[in-house]
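Trainee: What follows is each chain in one-letter form.
Number of protein chains: 2
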Amino acid sequence: MSQNLVFTNEVATALDTILDTKAYNRLAVIVDENTGRLVLPEVKSIHLSNAHVITIGAGDACKTLDTLTCVWEGLEQCGATRKSVVVNLGGGVVTDLGGFAAATFKRGIDFINIPTTLLSAVDAAVGGKTGINFKGLKNEIGCFKEASDVIISTCFLKTLSVEELKSGYAEMLKHGMLSNHDEFKKLLNYDFKNADAEQLLELLKTSVLVKEGIVREDPHENGIRRALNLGHTVGHAFESKALHGGKPIAHGYAVAWGLVAEMVLSHNILKFPSEDLHHLANFVYENYGAYHITCDDYDELLQLMHHDKKSQSGEINCTLLAACGDVRPGHVISDDDMRIALDIYRDLMHI
Amino acid sequence: MSQNLVFTNEVATALDTILDTKAYNRLAVIVDENTGRLVLPEVKSIHLSNAHVITIGAGDACKTLDTLTCVWEGLEQCGATRKSVVVNLGGGVVTDLGGFAAATFKRGIDFINIPTTLLSAVDAAVGGKTGINFKGLKNEIGCFKEASDVIISTCFLKTLSVEELKSGYAEMLKHGMLSNHDEFKKLLNYDFKNADAEQLLELLKTSVLVKEGIVREDPHENGIRRALNLGHTVGHAFESKALHGGKPIAHGYAVAWGLVAEMVLSHNILKFPSEDLHHLANFVYENYGAYHITCDDYDELLQLMHHDKKSQSGEINCTLLAACGDVRPGHVISDDDMRIALDIYRDLMHI
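First to last, the protein sequences are chains A and B.
Note that this note's numbering has the first sequence beginning at 1, numbered continuously upward.
Note that this note's numbering has the second sequence beginning at 1, numbered continuously upward.
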């Protein structure tokens, strides 16, 4: 397994260079309604100008078996064979669903990911997780198959809202904390909302390579890859609770708040430095606000954590840090410890 | 990648031994209407007696996305997680579709194949090809994922018709020819229709190991695995023509006749020994009869061969033999050479 990661804002040139080396017979590009309108015309690639365009609906609600079937049909219609190539140009829905379509068409054809959101660049486009939602369950059907090439850029980020940028930045924050203290500080001190494309690309590169290193060690998530779950046990519970309550929150926001709660746990259990915890909490509060919970919500949140799909045995399982870069996956957390952490999360978030 | 192949007629014992070592939390067994009725009750496995049974329709017409969706739903309903195991108990439809369902459920859970037909034992159950038909195209959607374990037996073959036995035996013949001259002769001299289960199991073991060796060298069919296509370029054309004409023929029969035609090509182009060609042709004629074609059918057959899905460029592509065991994949065959070969095929088949 080897995956070619290219960090550049010259996307068309990079794509043409890659495709020049591939003796493909058909090229299909998968976009959603937004990237088809806003991004595809901007990518002046010679190869792409002859590609068969397959457009899917935008948003997580379109990440379905029906959409997947339409993509398979689109590949049939353009005469794709095992020697064809798919380009996924979009956010996480396009790279996940398009990757799964390519991975299963004629038992697998090559695909190239060009993530157009910060979240998909930092998270979904690298690491080989593909899939769709099924029966209301996120990413329930899918497989592990890496894109042959990923072109990571920041030039499309101007098409995003500040909320979308922040959502992606939360995953970068997570990677920084998994990496080392310097990276963590650099991310906290950076005004990403006003960053130019080249500066952000440098930060993004470091962040993606952190993930890539972990995935390389454990492609199928049997061990160390669970480190990437940092912030997600509590984050997913917040996200699910918000969804059930009819007021969904963005994934990255949930992760940011989840990181705060899980660093409280890390402090209480593993002496994660108090100073870093407070810096993180302040940064998150300033940029993301707070997810409001009361003591009355604890039972529901604990219930959700016990049923998290990453939980093997019904126990609450968290990745913790003894310090930035000192990663301890697979901690079983008692209900009492989690309640205390949620209390302190509320204090730190001024709730 | 490593796959545990067990050759035994003590299927229940073998299955329990395997499952004793797996710390699974749910066990699902996928059967079709026939194997659910005839075979499942015969397998007195302790583990299997507690399994969740998922029954699908029998036959290639059921190898669809709808059936796949039902299997995914069945896995949801029994509470399967990444730590669950699927047992596929059936012929090629069950092992292909059940394997694909398992390979894509939560991005892949373990599955064990127990083929119940000779064809699936010798062909479909080993080698990691999973999939479903889509839009009338065979195995159009799928992926490469090996069963963790395959239990190969001959004790269920008594539930099969002679035609089903012959269909599987044609693939064994193919493996024998790919292997060496002794194996080829052994297969031609064997009265497989009256063989007992233990004797046939020995032959089957040799045959499966031939395939397994080739797959191990080239799991994703980029090179030498194409050797396994022996007999299939012409065979598929016969099969498709028969299907379009409303008189479908069994896959193995088509392969048997395809082997004869392709050994004619091998003789004409690579001096494959005439004696072996005649022995093969006689064996096939005696056991399978002939697939009747006339000169008027050649254009249609050539057309089908040019569009075979294994063809990369629209050329007719065959694996040929210079002798048994001397395999030469990737021969481009001219229309004229194919016409001559079909003429001689008709002579050999007394048409």
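Don't take every hint at face value.
In silico lysine to aspartate or glutamate, EDC-like type, Cα no more than 20 Å apart, as pairs [said to hold, decoys possible]:
| # | chain 1 | residue 1 | chain 2 | residue 2 |
| --- | --- | --- | --- | --- |
| 1 | B | LYS145 | A | GLU140 |
| 2 | B | LYS138 | A | GLU76 |
| 3 | A | LYS83 | B | ASP66 |
Keep in mind that the hints were calculated from the coordinates and are not lab data.
Trainee: All the hints need checking, so say for each whether the structure fits it.
Mentor: Taking the hints in turn, this is what the structure says about them:
no. : hint                : verdict
1   : LYS145/B / GLU140/A : holds, 18 Å
2   : LYS138/B / GLU76/A  : holds, 13 Å
3   : LYS83/A / ASP66/B   : violated, 28 Å
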